[in-house]
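Q: One-letter residues, chain by chain:
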Amino acid sequence: MTALLSVRGLRVRLPTASGLVTVVDGIDYDVEMGEVVGIAGESGSGKTISVLALLDLLPAGAVVEGSAQFEGHDILRLGRRAMRDIRGQMIGMVFQDPMTSLHPMLTIGRQLTEHMRFHLGISAGAARSRAVELLDDVRIPDAVGALGAYPHQFSGGMRQRIAIAIALACGPRILIADEPTTALDVTVQAGILRLLDGLRRQSRLSVVMITHDLGVMSSIADWLNVMYAGRIVESGPTPSILGAPRHPYTAGLLAALPHPEAPDDTTLVSIKGAPPSPQARPSGCPFHPRCTYALPACATNVPDLVFIADERRLACPVDPLLVPA
Amino acid sequence: MSVLELRELEVEYTRPGRPPVRAVAGASLAVEAGQVVGLVGETGCGKSTLARAAVGLLKPTAGSVWFEGRQVRPIGRRARSRRDARLQMVFQNPFSSLNPRRRVGDQIADPMAILGVVPATGRRERVSELLEQVGLPAAAARRFPHQYSGGQRQRIAIARALAAEPSVIVLDEPLSSLDASAQAQVANLLQSLARELHVGLLLISHDLAIVRHIADVVAVMYLGLVVETAPTRRLWEAPLHPYTEALIEAIPRADGKGWLPEALPGDVPDPARPPAGCRFHPRCPYVFDRCRTEPPPLIPVASGRHAACWLHEPSGVERAPSSFARRTRPSSDAGDQFDGV
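Residue numbers (my numbering), protein chains in the order written: chain P, 1 to 325; chain S, 1 to 341.
Hints are not guaranteed to be accurate.
Label-pair ranges, simulated between beta-carbon atoms [to be verified]:
hint : chain 1 : residue 1 : chain 2 : residue 2 : range
1    : S       : W259      : P       : L57       : 26 to 36 Å
2    : P       : A244      : S       : E125      : 44 to 54 Å
3    : S       : P275      : P       : E65       : 50 to 60 Å
4    : P       : P59       : S       : R195      : 39 to 49 Å
Not everything, but these chain S residues come out facing chain P in the computed CB check (under 7 Å) [claimed, not checked]:
hint : residue
5    : A184
6    : R253
7    : P261
Please keep in mind that the hints were generated in silico from the structure rather than gathered at the bench.
Don't be surprised by glycine CBs; every beta carbon is placed ideally from N, CA and C.
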């Protein structure tokens, strides 16, 4: 069975004052129907740029290489018109901050129906009744009343639900969610995670979830790709990776998290240093300057992402399970 | 007596033509020397307002703030006295709280010059000492804030606060703009400041998991009121207030077990029109008649523990809210097969 979305060798270079800078450096992953695929990483890892590239939403001058097969097309090679049909209709996107992703001066009804009428060619009345259904689906109380309201009349969590309803309006196969809960409180975040989980179970929606929060990944993602400095350094089923991380970076991220069952007065083990900016990525394995397990060869050789077990890939010649710190 | 004490603090924002908003509606809190007090709550609960009022950046409408035995007066045009400046603040965003055009060392030396705590000749040495204390090389003094990452900038902001030789630092969401690894570094730094320098910290955060790691005592705030205070470990093991229980259940766990966190239905109500009775009652799964009419006071439930909830008797037994009633909370969304895992 072929995957719904299959990304291969995706490289993105962005124009800067000092020339083109490689932000995403060759990543591969598949998204199957009804699955949640997580892309985790810290700021500057290229995780957001990697999905903006799929939707042709990068700034002018960006150079994209590789392929992304979706429904029989390489969406990285589609023309602007064909891409416009994919975007919004076949692949929906939800951004981090619902304060800025919704138009403050337009009613919720207008924002929900506009692209439905454009993409699906349905009447104003049909679009309106579908909008009410969508708002019910994302559990907005008084959906009919909400159509006439403006974004500022809703709380952050409600706004993010509305943004999800807009992304789902044309019945996309894939929803790309970029840090959809980062700006929200945990209690509200839990509601959004439950909503996304329900959608993929009931409507077989596929979700590409981008977040730095491994707790969020643990609760919702079937597959996890950990990105560092533009590359995927570890990939596999979420329970397997979080239960037994094999890359020193993944292990380090997990050790830095406050654990609910940790004994008292344990200090968090932090990864030394800070993630490199795309302009100044180190040679060899990009993680080697911060890695406690680094070998001399790590400073020069870029490790490939290779299968180490069924469904698990790792880009590290050192296995933290085997080498003591 | 506590180093910093908030007594029945109220802060009201007035808006022309609209009802005033009581963002802090009578909150009491104390910070001892060398103690880390975590203040947690959702967006809009008034925790940042409380922080600003605690250092005198906002004028309380009622109640008072006491620092080292003296009442904190709202900040005016005149510089704070050396004694008042022993109460310092660190802000959420180190990208805006540091001056981008001045060198790191000059900014850290400012409090020394203004307060006269270090003579001019000793300032450079003291700056190096402070930078090392927060885990940065002394050479950082000659550089600019933009040369540092978010976590490092937050360390610089902390070093600047330490330059005033404070006995208490109020920190408003100091970790929330940082990546996971930087968060852990700054969290560990804060903990060691309290232990080694004996500075009291009032740490405002929406992240209960990180607060659990560094705070000795946690205060939980809901809609302008402190609803529970307890030693951190006991709060975590057996939350007494239903709101605290909901906050803890909503934290996702990075253990790969696929456990979906529990959602708390509803939103924080409009603080301009708080619900009658207990402010949490419309969202509370254990609500009963009394909650709808009478606001519960913050009462001592066990030693060192206070809760504002009618489920608990004064100096009664520590019991989890869920033990009082069958769980009546409706399951919030799909995916319930994962509950209780």
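Q: Take the hints in turn and mark each one as holding or not.
A: Cross-check of the supplied hints:
For S/W259 and P/L57, the Cβ-Cβ distance of about 33 Å falls inside the hinted range of 26 to 36 Å, so the restraint holds. Under the hint 44 to 54 Å, the C-beta atoms of P/A244 and S/E125, about 48 Å apart, fit the expected range. In this structure the hint that S/P275 and P/E65 lie 50 to 60 Å apart at CB holds, the actual value being about 57 Å. Take P/P59 and S/R195: their Cβ atoms lie about 47 Å apart, and the range 39 to 49 Å holds.
At its closest, the beta carbon of S/A184 sits 4 Å from a beta carbon of chain P; the interface hint therefore holds under the 7 Å criterion. Checking S/R253 against chain P: minimum C-beta separation of about 6 Å stays under 7 Å; hint holds. Given hint, S/P261 at the interface with chain P, holds; its Cβ is 4 Å from that chain's nearest Cβ, closer than 7 Å.
Of the hints listed earlier, there is not a single one the structure fails to meet.
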